[in-house]
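One line per chain: the protein sequences are A and B, in this order.
Straight run, no breaks: the first sequence in the working numbering ends on number 889.
Straight run, no breaks: the second sequence in the working numbering ends on number 889.
Careful: at least some of the hints might be erroneous.
[As the list claims (entries may be wrong)] Okay, derived cross-link-like pairs now, DMTMM-like style, lysine to aspartate or glutamate, Cα gap no bigger than 25 Å in a straight line:
| no. | chain 1 | residue 1 | chain 2 | residue 2 |
| --- | --- | --- | --- | --- |
| 1 | B | Lys488 | A | Glu718 |
| 2 | A | Lys488 | B | Glu604 |
| 3 | B | Lys798 | B | Glu718 |
[Unchecked claim] Simulated restraints on C-beta separations:
| no. | chain 1 | residue 1 | chain 2 | residue 2 | range |
| --- | --- | --- | --- | --- | --- |
| 4 | A | Glu532 | B | Asn716 | 40 to 48 Å |
| 5 | A | Lys512 | B | Val785 | 36 to 44 Å |
| 6 | B | Pro801 | A | Gln644 | 44 to 52 Å |
| 7 | B | Val785 | A | Lys467 | 20 to 28 Å |
| 8 | B | Glu556 | A | Asn493 | 22 to 30 Å |
| 9 | A | Gly496 | B | Lys873 | 55 to 63 Å |
| 10 | A | Gly474 | B | Glu871 | 32 to 40 Å |
| 11 | B | His858 | A | Asn522 | 41 to 49 Å |
| 12 | A | Ser835 | B | Glu544 | 57 to 65 Å |
| 13 | A | Ser883 | B | Asn716 | 46 to 54 Å |
| 14 | A | Ala823 | B | His858 | 54 to 62 Å |
Calculated directly from the structure, the hints in this document are not laboratory data.
Every residue gets a Cβ at the ideal spot worked out from N, C-alpha and C, and that includes glycine.
Letter by letter, the chains look like this.
There are 2 protein chains.
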Amino acid sequence: MKIGILGGGQVGQALWDTIHMEKENILNILGEPLEIKKVLVRDLSKKRDIPKDFLTNNPDEIIYDKEISLIVEVMGGEEPAHTYIKRALEEKKFVVTANKEVIALHGDELHKIARKKGVDIAFEASVGGGIPLIKTIKEAMAVDKVKEIWAIVNGTTNYILTKMEEELRDFEEVLREAQKLGYAEPDPSKDILGLDTKFKLAILSSFAYHTTIKPEEIYTEGIEKISLRDIQYAKELGYKIKLLAISKFYNGEIEVRVHPTMIPLSSPLSSVNGVYNAILLRAEKRGDVLLYGEGAGPYPTAMALLSDILEATHTILYSVPRYYSFAYLYPSKIKPSDEIYTRYYIRLWVKDQPGVLAQIAKILGENHISISSVIQKETSEKEGKAELVILTHKTYEKSMSKAIEEIKLLPILEEWGSLIRIEV
Amino acid sequence: MKIGILGGGQVGQALWDTIHMEKENILNILGEPLEIKKVLVRDLSKKRDIPKDFLTNNPDEIIYDKEISLIVEVMGGEEPAHTYIKRALEEKKFVVTANKEVIALHGDELHKIARKKGVDIAFEASVGGGIPLIKTIKEAMAVDKVKEIWAIVNGTTNYILTKMEEELRDFEEVLREAQKLGYAEPDPSKDILGLDTKFKLAILSSFAYHTTIKPEEIYTEGIEKISLRDIQYAKELGYKIKLLAISKFYNGEIEVRVHPTMIPLSSPLSSVNGVYNAILLRAEKRGDVLLYGEGAGPYPTAMALLSDILEATHTILYSVPRYYSFAYLYPSKIKPSDEIYTRYYIRLWVKDQPGVLAQIAKILGENHISISSVIQKETSEKEGKAELVILTHKTYEKSMSKAIEEIKLLPILEEWGSLIRIEV
Chain A
466 MKIGILGGGQ VGQALWDTIH MEKENILNIL GEPLEIKKVL VRDLSKKRDI
516 PKDFLTNNPD EIIYDKEISL IVEVMGGEEP AHTYIKRALE EKKFVVTANK
566 EVIALHGDEL HKIARKKGVD IAFEASVGGG IPLIKTIKEA MAVDKVKEIW
616 AIVNGTTNYI LTKMEEELRD FEEVLREAQK LGYAEPDPSK DILGLDTKFK
666 LAILSSFAYH TTIKPEEIYT EGIEKISLRD IQYAKELGYK IKLLAISKFY
716 NGEIEVRVHP TMIPLSSPLS SVNGVYNAIL LRAEKRGDVL LYGEGAGPYP
766 TAMALLSDIL EATHTILYSV PRYYSFAYLY PSKIKPSDEI YTRYYIRLWV
816 KDQPGVLAQI AKILGENHIS ISSVIQKETS EKEGKAELVI LTHKTYEKSM
866 SKAIEEIKLL PILEEWGSLI RIEV
Chain B
466 MKIGILGGGQ VGQALWDTIH MEKENILNIL GEPLEIKKVL VRDLSKKRDI
516 PKDFLTNNPD EIIYDKEISL IVEVMGGEEP AHTYIKRALE EKKFVVTANK
566 EVIALHGDEL HKIARKKGVD IAFEASVGGG IPLIKTIKEA MAVDKVKEIW
616 AIVNGTTNYI LTKMEEELRD FEEVLREAQK LGYAEPDPSK DILGLDTKFK
666 LAILSSFAYH TTIKPEEIYT EGIEKISLRD IQYAKELGYK IKLLAISKFY
716 NGEIEVRVHP TMIPLSSPLS SVNGVYNAIL LRAEKRGDVL LYGEGAGPYP
766 TAMALLSDIL EATHTILYSV PRYYSFAYLY PSKIKPSDEI YTRYYIRLWV
816 KDQPGVLAQI AKILGENHIS ISSVIQKETS EKEGKAELVI LTHKTYEKSM
866 SKAIEEIKLL PILEEWGSLI RIEV
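In isolation and in its complexed conformation, chain A is listed as follows (with noise of 0.2 Å):
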């Protein structure tokens, strides 16, 4: 059984390492060896761990080469990954990626080419690191329905938020902090805008729900405007700050949106610190399915890929039809963002003078918003000027937004501070 690997960074060496050291407990597993054959790299004379006559900068020689039947691909990006996936699909060849764009962006192209071969493709490794996600919802809840997510798939906005929060720091100073210590990357903006949590929301909720869901068709929201003052609100009140990925299918919609989220401490997710990723599943039969974990890290990566190259290889040598794929089969209806429905909590910076409070009150309730709760503080930092927090019980986003933009016009607020969705 011999296959080739797409990239021979990081996550490429560590699953060459872990396929040599397991080299046993893999023969056990197929009954047969697994070789890897050829590794494509950029630069050949680079110094790895990988003998040189294992290297070669032809992805051709990979993709083309008709001993190989299942390729392996850790470039990362979308092209030209994509190509390549395509092109070895075309082959006949079945593909195991760790490419979160490419799944997220090409997914519904590459799986219907993969039918019609014959073959199939495989990335368990996408999202979560070394966190079981796909294979659950994939075999577990094959028989079931999922119904919602509930995810933390980006370590690098997590290590920051559970920083500021246990530290009491700003975001600026953590992330800077973040990307000394390699949790964020020097041009951060994929992580701390949500777009990372996007592609992994799409490529999760297109396999739970049988569809294809487009990152663009995903409200998103990053934690670039999240400050300590929230994260200072939020704990006084018993909930942390999270960036969610959250999706729902009800009643043939779906609900798909990632914002940063207030949500309890008795919430299984609010444990969920550093950089660990945990995604929760409400199934109709399962109820409740929470997955914890390492989500990234050559390692972790590299045994997500190795679970999907052991599945892929036992289905090539047996010729095992396969069923459970059920990705992308049903067209999706998308949930428009302004009707979903969820409690609040704002804050902002008004005059300090008598009826404020009442004003916003009375545009809150015109909007049909009750109230939940109110905190203001005495403060001396800002002159003439009092901090408000107000918590809404659940409404529609279209009256919040309305709201909002009403409140935004009187003439008593001084500074708008922040919305930010609150979740049980």
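Dock chain B against the given chain A, drawing on the hints supplied.
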């Protein structure tokens, strides 16, 4: 594809319902229909939702039916379930069971028979209800090494501990309420004393470490001695008390134990509340993976059974070799319980007089136990007595046992309170 079910109780009924409701889905997955031919019940005249034609009170009608290639056992209890399963395997039938007692006590024997006969026995439903624990250990961990298991696998005790903590109520009172609500059995001893947890840990550990762990080899303490005072002190100190199933595999030795444990709020297991179950697997390459969900209930259990049924049916239909089952392969070496190395919480009532703390500290010191903190509160509750709470650094169980023996002989000891191990 015809199957038989041994047991027509709540789980059997839920499985019947699910297989009928998900008919089309199952057909898609298997490529042919899944048919329940017969259900074994004790009382044929009892009213149920399964048509009379499908019922029998003679197990042989299922076990020896040549048309039936897979038998699901959901009777519960050791006998006659164990005997029926054994006969079914000898008849070369695949077996799927939810029976933790049978697997914990006879898993080794039954696996041997299954291997000899070229069939298999699956038992996802025996631990953790609808959480895919066994599947994750079996497949996702196949080429990784599980080094530690930390689990909450008994809903009854977790419900009681959660209620005691949240509502500051006594053990006895909460237990009675749990019995009324159906969360505890009329005879709750199997749960309360940790026996149910012990069975489940035996199954998980046998599977994770590819060996045979017998329930009687597991050091076990229940929650019957946990008082509200302990819960309160734990809370004050930033801990929760949970009945944990713990096992570790290092240097060829397996440490395996069940007891109430103080865990810090930062542990992801600390937020597992009520009847929920969770298992934390610490693996060599994947790192920590935690699975959480509903640990019981007819429908979650039926879903776990159905996962196993589909997998086994797939194997039967396509004659695929099965490679993943590594349990019961190697002999085990169990670490003696007095070599446990952990932190301890002790609580005791002493005479309220000078020099008392010094006497206790002296005994601890002589046994090489170092104190990490001490709480002694002013109290008028018991005249002339003071309550002392001591937390230690890590030490050996043997040293701790010896120190406690000596403390119990001190004339200044008024009343022994409790000992609870602290784990991170």
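Going down the list of hints, with the structure as the test:
For the given pair, Lys488 of chain B sits about 24 Å from Glu718 of chain A by alpha-carbon distance, which is consistent with the 25 Å threshold. Between Lys488 of chain A and Glu604 of chain B, the direct Cα distance comes to roughly 16 Å. Compliance with the 25 Å bound is thereby established for this hinted pair. At roughly 5 Å between alpha-carbon atoms, Lys798 of chain B and Glu718 of chain B fall within 25 Å of each other, so this suggested pair holds. Between Glu532 of chain A and Asn716 of chain B the Cβ separation comes to about 41 Å, which falls inside the hinted range of 40 to 48 Å.
Taken as a hint, the range 36 to 44 Å holds for the pair Lys512 of chain A and Val785 of chain B, whose Cβ atoms sit roughly 43 Å apart. About 49 Å separates the C-beta atoms of Pro801 of chain B and Gln644 of chain A, a value consistent with the hinted range of 44 to 52 Å. Evaluation of the 20 to 28 Å hint for Val785 of chain B and Lys467 of chain A yields a pass: the beta carbon distance comes to about 21 Å. Here the CB-CB span from Glu556 of chain B to Asn493 of chain A is close to 28 Å, well matched to the stated 22 to 30 Å.
In this structure the supplied range 55 to 63 Å holds for Gly496 of chain A paired with Lys873 of chain B, their Cβ-Cβ distance being about 60 Å. At roughly 59 Å, the beta carbons of Gly474 of chain A and Glu871 of chain B sit outside the given window of 32 to 40 Å. For the hinted restraint 41 to 49 Å between His858 of chain B and Asn522 of chain A, the CB-CB distance of approximately 55 Å leaves it violated. Checked against the hint of 57 to 65 Å, the C-beta distance between Ser835 of chain A and Glu544 of chain B comes to roughly 59 Å, which is consistent with it.
Our hint of 46 to 54 Å for Ser883 of chain A and Asn716 of chain B holds, since their Cβ atoms are close to 52 Å apart. A hinted range of 54 to 62 Å holds for the C-beta pair Ala823 of chain A and His858 of chain B, which are about 58 Å apart.
Checked against the numbered hints above, the structure breaks hints 10 and 11 and satisfies the rest.
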